[in-house]
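*Asks:* Sequence:
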Amino acid sequence: MPKNYSRCNAFGKKMVLLCLISIKIRWILLCVCLRFHYNNLTLRRGVYGVQGFLFIDINHSFIRNLPV
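Quick note: the sequence shown, position 2, residue 2 per full-length UniProt numbering, numbers continuous.
It is worth saying that the hints were derived from the structure and are not from the lab. This one's a predicted model, so the numbers in the text were calculated from it and none came from an experiment. One or more hints might be untrue.
What the hints assert, rightly or not - Derived DEER-like restraints, expressed as beta-carbon distance ranges:
1. N9 / F36: 36 to 42 Å
2. F11 / C31: 28 to 34 Å
3. L29 / N9: 29 to 35 Å
4. K13 / L34: 29 to 35 Å
5. V32 / F11: 27 to 33 Å
Heads up, the beta-carbon is just placed ideally off N, CA and C, and yes, glycines get one too.
Based on the provided sequences and hints, a complete structural model is requested.
*Replies:* As structure tokens, this is what we get:
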């Protein structure tokens with residue numbers, strides 16, 4: 001094995017960790033933005049309307065994408 005293999009491996013692991021952390025941060029930001037956006041919508045339309053609609057929409061798209 002070459003000498004710098006372990007160093008390269010450690011660098012690769014760090015890069016993977018950084019990548020995972022950045023993906024998590026993006027998801028958190030996305031969730032916060034969506035929550036804020038839908039909170040604004042729920043103030044207009046009533047609390048349960050949008051949440052029920054979202055739930056139905058997610059279920060519908062999930063069922064439609066299942067391989068039958």
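*Asks:* Taking the hints in turn, state whether each one holds.
*Replies:* Hint-by-hint comparison with the structure:
1. Here the CB-CB span from N9 to F36 is close to 41 Å, well matched to the stated 36 to 42 Å.
2. In this structure the hint that F11 and C31 lie 28 to 34 Å apart at CB holds, the actual value being about 31 Å.
3. A hinted range of 29 to 35 Å holds for the C-beta pair L29 and N9, which are about 31 Å apart.
4. Separated by about 32 Å at the C-beta atoms, K13 and L34 satisfy the suggested range of 29 to 35 Å.
5. Judged by the Cβ atoms, the range 27 to 33 Å given for V32 and F11 holds: they are separated by roughly 31 Å.
The structure fails none of the hints (numbered hints given earlier).
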